[in-house]
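With the hints as constraints, model all of the structure from the sequences given.
Chains as they are written, first to last, in full-length UniProt numbering: chain A, 1 to 181; chain B, 1 to 181; chain C, 1 to 181; chain D, 1 to 181.
Don't take each hint at face value.
Said to hold, decoys possible - Chain D residues, not near chain C, derived (Cβ > 12 angstroms throughout):
1) Glu68
2) Glu101
3) Gln163
Claimed, not checked - For lysine-lysine, the following PhoX-like pairs were computed, each having C-alpha atoms within a straight-line distance of at most 25 angstroms:
4) C:Lys35 to D:Lys35
5) A:Lys35 to B:Lys179
6) B:Lys179 to B:Lys64
7) C:Lys64 to C:Lys28
8) C:Lys176 to C:Lys35
The hints are simulated quantities; they were obtained by calculation from the structure and are not laboratory data. Here a beta-carbon is modelled for each residue, glycine too, at the ideal position from N, C-alpha and C.
Protein chains: 4
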Amino acid sequence: MNITTFIGSSREESNSEQLADLVTRGIKHRKIYLKNLSIQPIHDLRHAEGGFQLVSDDYDTIIKAFLESDLIVFSTPIYWYSMSGIMKNMIDRLSQAIRDERFPQLKEHLQSIEAIVIAVGGDEPRIKGLPLIQQFQYTFDFLNMRFSTYILGEGNQPGDILQDQQALYQANLLNKRLKHL
Amino acid sequence: MNITTFIGSSREESNSEQLADLVTRGIKHRKIYLKNLSIQPIHDLRHAEGGFQLVSDDYDTIIKAFLESDLIVFSTPIYWYSMSGIMKNMIDRLSQAIRDERFPQLKEHLQSIEAIVIAVGGDEPRIKGLPLIQQFQYTFDFLNMRFSTYILGEGNQPGDILQDQQALYQANLLNKRLKHL
Amino acid sequence: MNITTFIGSSREESNSEQLADLVTRGIKHRKIYLKNLSIQPIHDLRHAEGGFQLVSDDYDTIIKAFLESDLIVFSTPIYWYSMSGIMKNMIDRLSQAIRDERFPQLKEHLQSIEAIVIAVGGDEPRIKGLPLIQQFQYTFDFLNMRFSTYILGEGNQPGDILQDQQALYQANLLNKRLKHL
Amino acid sequence: MNITTFIGSSREESNSEQLADLVTRGIKHRKIYLKNLSIQPIHDLRHAEGGFQLVSDDYDTIIKAFLESDLIVFSTPIYWYSMSGIMKNMIDRLSQAIRDERFPQLKEHLQSIEAIVIAVGGDEPRIKGLPLIQQFQYTFDFLNMRFSTYILGEGNQPGDILQDQQALYQANLLNKRLKHL
Chain A
1 MNITTFIGSS REESNSEQLA DLVTRGIKHR KIYLKNLSIQ PIHDLRHAEG
51 GFQLVSDDYD TIIKAFLESD LIVFSTPIYW YSMSGIMKNM IDRLSQAIRD
101 ERFPQLKEHL QSIEAIVIAV GGDEPRIKGL PLIQQFQYTF DFLNMRFSTY
151 ILGEGNQPGD ILQDQQALYQ ANLLNKRLKH L
Chain B
1 MNITTFIGSS REESNSEQLA DLVTRGIKHR KIYLKNLSIQ PIHDLRHAEG
51 GFQLVSDDYD TIIKAFLESD LIVFSTPIYW YSMSGIMKNM IDRLSQAIRD
101 ERFPQLKEHL QSIEAIVIAV GGDEPRIKGL PLIQQFQYTF DFLNMRFSTY
151 ILGEGNQPGD ILQDQQALYQ ANLLNKRLKH L
Chain C
1 MNITTFIGSS REESNSEQLA DLVTRGIKHR KIYLKNLSIQ PIHDLRHAEG
51 GFQLVSDDYD TIIKAFLESD LIVFSTPIYW YSMSGIMKNM IDRLSQAIRD
101 ERFPQLKEHL QSIEAIVIAV GGDEPRIKGL PLIQQFQYTF DFLNMRFSTY
151 ILGEGNQPGD ILQDQQALYQ ANLLNKRLKH L
Chain D
1 MNITTFIGSS REESNSEQLA DLVTRGIKHR KIYLKNLSIQ PIHDLRHAEG
51 GFQLVSDDYD TIIKAFLESD LIVFSTPIYW YSMSGIMKNM IDRLSQAIRD
101 ERFPQLKEHL QSIEAIVIAV GGDEPRIKGL PLIQQFQYTF DFLNMRFSTY
151 ILGEGNQPGD ILQDQQALYQ ANLLNKRLKH L
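Okay, structure coming up:
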C-alpha cells in the first residue's frame with residue numbers, strides 16, 4: 001500500500017496539512033509540498049497541431065507519484081471556496097499527463113487509486129466547501145478513481161484545526177482504517 | 001460604465017473567449033488575457049509576522065482593472081469542473097490585494113462592481129458546471145459584489161461554442177442589456 | 001414518441017406549467033396535474049415483513065404514464081429551493097413502484113426514458129435552483145434515465161415567466177427539437 | 001431552551017430518528033412524528049383573490065411547535081437525494097403560515113430559532129446529500145433562522161446508523177453541546 005499526500009497550502013504547517021498528518025500518522029507515506037515544486041499552468045494544446053509540448057518543470061514528480069501510489073490524499077486549504085491555485089494547476093496538468101506518450105500506463109493506473117480529500121477553511125466549510133467536494137467527485141468519476149471519503153475541517157488561524165473535534169475524530173477514524181489496509 | 005473581461009483560457013480564441021466576445025460585442029471594454037500575465041500563486045501570510053510581502057509580478061494590472069471597472073466578466077474554460085488554474089491564482093491573490101495598503105479603496109470599490117461569469121466546458125457543463133457557479137456566488141457574496149448572471153456553454157473543439165444556440169442566445173440577450181447600461 | 005408532462009404546481013396556469021406548455025406546444029402529449037390526483041406519501045416498508053402494502057390511491061395513473069412514455073417533462077415550481085411536496089411524494093413512491101410485482105417491466109422501461117426538468121422560482125432560480133437540478137440528476141442516474149436538459153425560469157406573480165426571455169428561448173429551442181424527434 | 005424534533009421518516013425507529021435521538025439524549029425535548037399528522041400539501045394562493053384559505057388539518061401543531069421552540073432538529077431520511085415528501089409538505093406550508101394572520105409573531109420568532117438537520121441515506125449520503133443541505137441552508141437564510149450544524153449519516157437497513165461511527169460521534173458532540181445550552 002503506497003500512500004502519497006499532496007499538500008496544497010502555501011503556508012508552513014497549515015491547518016489542512018496538520019489534518020492530513022493525523023490521517024497518515026504512524027503510516028509510511030510520501031508527502032509532496034506543491035509549494036516547493038515548479039508547476040506551470042496547463043497550456044491546452046489538445047486540438048492544436050502537434051498536440052501538447054513537453055514542459056520543463058517539476059510535473060514529472062507528480063506523475064511519478066500518481067504512478068507509484070495506491071492511495072492519494074489531496075490536502076488543500078479552502079481558498080475562495082475551492083482548492084488552492086497551486087493544487088488546481090496540478091490537477092489541470094493531468095489533462096496533458098494522461099495523453100503523454102512517456103506514461104502510457106498512467107490513465108489505467110489512475111483507475112486503481114483510492115482518493116481522499118482533506119480541505120480546511122474558515123467560512124462555514126461544511127456547507128460552503130461542498131461545491132469543492134462535488135468537483136473532486138466529478139473529477140474522480142471522470143478518471144475512474146475511487147473517491148472513498150473526505151474531511152471538511154474548520155480553521156483560520158494556524159493551529160485552529162486542533163479545536164475542530166469533528167474533523168479530528170474523522171481523521172482518527174480514517175487513520176485507523178488506513179493502518180489496517 | 002467601465003467593463004473589463006478577464007480571459008482565463010490558455011488557448012487562443014478559446015470557446016469561453018468567443019462567448020465573452022459576443023457578450024461585449026460593440027461595447028467599449030478592456031480585455032485582459034491572464035495567460036499573458038505573470039501572476040504568482042498566493043503565499044498566505046495573513047497570520048505571519050509582517051503579513052503579506054510585496055510580490056513582484058503583474059498582479060497590479062489586475063488590481064487596477066478591478067479599481068477601474070464597474071462591471072467585470074470572468075471568462076473561463078471549465079477545466080476539471082472548475083475555473084482554470086491561472087484564473088484561480090488570480091482570484092486567490094485577492095486575499096492579499098484587499099489587505100494591500102497601497103490600495104485602501106479596493107475592498108469598498110469591489111462592492112460596487114457587477115460580476116458576470118462565462119464558463120464553457122465539454123462534459124455536461126449545465127449540470128457539472130454548477131459547483132463552479134456556486135463557488136463564484138460564495139466569493140461574490142463574501143466581497144459584496146453583485147453577481148448578476150452567468151452563462152454555461154458547451155464546447156470542446158475550438159469553435160464548438162458557435163453551435164450552442166442556448167449559450168449564443170444568452171450572450172446576445174446580455175449584450176443587448178449591456179448596451180443599454 | 002410518447003410524451004408526458006407532470007405538472008407539480010398547486011396553482012392554475014402556474015409559471016412552471018406555462019413554460020412546460022411552450023416546450024410541448026404543437027406536439028401531441030399527455031399532461032397530468034398532480035394536484036388533481038390523490039397520492040399518498042410513501043410508507044417505507046422495504047425492510048418490513050411482507051414488504052410494501054398495496055396503496056389505494058391514484059398512483060397507478062403515474063406508473064402507467066411512466067410505462068407508456070418515451071419522454072417525461074417534470075414541471076415544478078421551486079418551493080423552498082426544491083420541488084413541490086406533491087411532486088416529491090410522487091417521486092418518493094417510485095421506490096415502491098419499482099418493486100411492485102404488478103409492474104415487473106417498470107424498472108427496465110425507465111432506462112429508456114428521456115427526462116426534462118422545468119422549474120420556475122422567484123428567488124434567483126438560476127443559482128438557488130441548482131441543488132434541485134443536482135437531485136434530479138442523482139435520481140435519474142440511479143434509475144438510468146437520460147437527463148437530457150433542464151430549464152430554470154424566473155417568476156413569482158402569475159404570468160411572470162413570459163418576461164423571462166432566456167427561459168422562453170430555451171423552451172422554444174427545446175420545442176423545435178422535440179418536434180423533430 | 002425549548003427543543004423540538006420533527007421526525008420525517010415513514011418508518012418506525014428509522015435510522016434518521018435514531019440519530020436524532022442520540023442528539024437529544026438526556027435532554028428535555030418534544031418530538032413530533034410527521035407521519036402521524038395530517039398535513040395537506042400547500043395550495044399556493046399567494047396571488048389569488050382572498051389569499052390563502054384556512055386549511056383544516058394538523059398544521060397548527062407545526063406552527064405552535066415553531067412558536068414554542070428555541071431550537072429545532074429536522075430529522076429526515078434521504079429519499080431520492082432530498083427530504084421525505086411529508087417533511088417537504090410541512091416546509092412548503094410555511095409559505096402560508098408566515099402570512100397567517102392568526103400567528104402575526106411567527107415570522108419574527110423564526111429568526112430566533114437555531115436549526116439542526118439530521119439526514120440519513122444509503123447512497124453516499126455525505127456527497128449526494130449535499131444538495132439537500134444547500135436547500136436547507138437557502139431556506140434558513142430566507143427565514144433568518146440560524147443553521148448551526150448538520151449530520152449526514154449512512155444507513156439503509158433498520159439500525160444501520162449504529163455502525164456509522166462518524167455520524168455517532170457527531171451526534172455525541174452535538175448532544176454535549178446541547179446539554180450545556
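Exercise for review: With a cut-off of 25 angstroms on the C-alpha distance, tell me whether lysine 64 of chain C and lysine 28 of chain C pass.
Suggested key: holds, 17 angstroms
Check your understanding: Is it the case that glutamate 101 of chain D keeps its Cβ farther than 12 angstroms from each residue Cβ in chain C?
Key -> Its Cβ never comes within 12 angstroms of chain C, the nearest being 21 angstroms, so this holds.
Practice item. Decide, holds or violated, for the assertion that all CB atoms of chain C are farther than 12 angstroms from the CB of glutamine 163 of chain D. Key: holds, 15 angstroms
**Study point:** Reported absence of glutamate 68 of chain D from the contact zone with chain C (all CB gaps over 12 angstroms)
**Key:** holds, 22 angstroms
Exercise for review: Below or equal to 25 angstroms on CA atoms is what counts here, so check lysine 35 of chain A against lysine 179 of chain B.
Suggested key: Distance ~44 angstroms between lysine 35 of chain A and lysine 179 of chain B Cα, so the pair is violated.
**Study point:** Given hint lysine 35 of chain C paired with lysine 176 of chain C - CA-CA distance at most 25 angstroms
**Key:** Violated: lysine 176 of chain C and lysine 35 of chain C sit about 29 angstroms apart, past 25 angstroms.
**Study point:** Straight-line alpha-carbon gap lysine 179 of chain B to lysine 64 of chain B, limit 25 angstroms
**Key:** Distance of about 24 angstroms is within 25 angstroms: holds.
Check your understanding: Can the restraint linking lysine 35 of chain C and lysine 35 of chain D be considered satisfied, given a maximum Cα separation of 25 angstroms?
Key -> holds, 20 angstroms
Hint violations for this structure: numbers 5 and 8, all remaining hints satisfied.
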